[in-house]
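Please build the complete structure, drawing on both the sequences and the hints.
Respectively, the protein sequence lines represent chains A and B.
For the first sequence, my numbering begins at 1 and goes up steadily by one.
For the second sequence, my numbering begins at 1 and goes up steadily by one.
Honestly, I wouldn't trust all of these hints.
It does not matter which identical chain is used: a pair holds within one copy or between any two.
Derived EDC-like pairs (lysine to aspartate or glutamate); straight-line CA-CA distance at most 16 Å [stated by the list, open to error]:
#1 K61 to D106
#2 K51 to D106
#3 K163 to E195
#4 K51 to E109
#5 K183 to E149
Read the hints as simulated data drawn from the structure, not as lab findings.
2 protein chains.
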Amino acid sequence: MSNVQSLERALTLLNIMSDYPDGIQISRLAEKAGLSKSTIHRLLGTLLNMKYVTQDPKTEKYRLGYQVLYLSRNITANNGLISAARPFLEALCEDINETIHLCVEDNAEVVYIDKIESSQTIRMYSRIGSRNPMYCTGVGKILLSGMDEDEFKQATASIDFVKRTAKTIDSLEELKKEIDLVKQQNYALDNIENEEGIRCIAAPIRDFSGRIVASFSVSGPVHRITMERIHDELIRKMRETSKNISRQLGCQI
Amino acid sequence: MSNVQSLERALTLLNIMSDYPDGIQISRLAEKAGLSKSTIHRLLGTLLNMKYVTQDPKTEKYRLGYQVLYLSRNITANNGLISAARPFLEALCEDINETIHLCVEDNAEVVYIDKIESSQTIRMYSRIGSRNPMYCTGVGKILLSGMDEDEFKQATASIDFVKRTAKTIDSLEELKKEIDLVKQQNYALDNIENEEGIRCIAAPIRDFSGRIVASFSVSGPVHRITMERIHDELIRKMRETSKNISRQLGCQI
DNA sequence: AAACAATGTTCCACGATACGGAACAAAATA
DNA sequence: TATTTTGTTCCGTATCGTGGAACATTGTTT
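Structural data, given as structure tokens:
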């Protein structure tokens, strides 16, 4: 049940390195990872040979290698989705000028698989590939609302409800109620439930069979994403975009 | 000097999995990798825990996980090359208003590491991190032209020449001739050799030692990228930009 | 339905292999 | 020049990864 030690360590090194796009030296890596230099050195040797890491020819620091890009090129299970959705999300972004995220579910979490940035100076911090719980995000609620009973049970079985803000949902009963609401209105809010000062509205993306396969969201600071704006403008535009992308995927609704 | 066994094996599994975007089961992996099922199972366990791999909830097949996306996000972000080249490429794009790509070689393929989009409505489809063969692209020819004999041999040893269009180069002899030409003129064309209706011109980027470390290209539909325009305008402007970026990297030429 | 095949998972004893301290080399800093 | 920091190599040890075997589960064939 425990991890393969050397592998876990090496992957941790990759994770760390991804935070240092300009490279990082062995000693720092040793500190960060809490490992001896010789261990790091050995693991880096293999990572270098396998092209998962490169050594900057000038600074001699270690950086992630292009093999990682090579891998990511074929996470195409959702690549079709991403390229289908992008033009619509870009149009929406241009229209409302707020950050937009595209998400899918993975292991009962929300994963951000694409992102369109607004030109606003105050931007969301987020990162493609990063994760969030489902119970406190609009995109998560949407994905939950598309699940059948079994899937829902599994996805919510081991939730550790943490009150991230005053408004965070913190019980299963409450969550179930909320999801019922989401099913009715066909959009979901994260009304300052995940991060202080951030409000967010999300809508579903359905495939040919009508199943919800992804969700997208508009998020931003509460003073820009007001409840008025949501009702006057955003709900309508989200529905529009939701319908357009879903149609692109063959959804007949 | 030898690799950490378990790590090398696990990375090989990732490489294999990247060829199966819809997932692959343990037994197939065992075949492909020449390892026992139990070993694969154990390694996959750690890869799953670290989110480098996911298991498709329906088919139970294993696919690359989103952690790989997370990693790849920042590879391109601050590559010194990219940030050095970007302002020049942006200026060039603004000037000629066509899509521009920045590429490096990796594993005998061209990898697109940056892209500047024109405001034209008819755009190239491409994606950062995607790959193309070297023999049928302008950027590839440039990178080949910068290789010494050994490197060239290795990069061209296992080319599978596919006639993507009527004009695609489809033999090693022809390719060698073409590369000799490229060396002389210091730019390369993809004259509708990769994709129907698309023409492209590429130029090298050299580092402090004069070595070609990257290439960039202007591509677009043949009716905009005409041979006249190439000779009257583009060759000159590409040379200019090539020189400027290379100087930025310390190249003295 | 029964027999069979293929696949995924768990267990375990063995020994190969990954481990980290130490010692060394090289470079940066004082 | 002395001193600290960083990268690399070496090696004895015990830990950790290994693959076979046995079991469980599912799908296929007769």
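Earlier hints that do not hold, by number
Violated hints: none; all satisfied.
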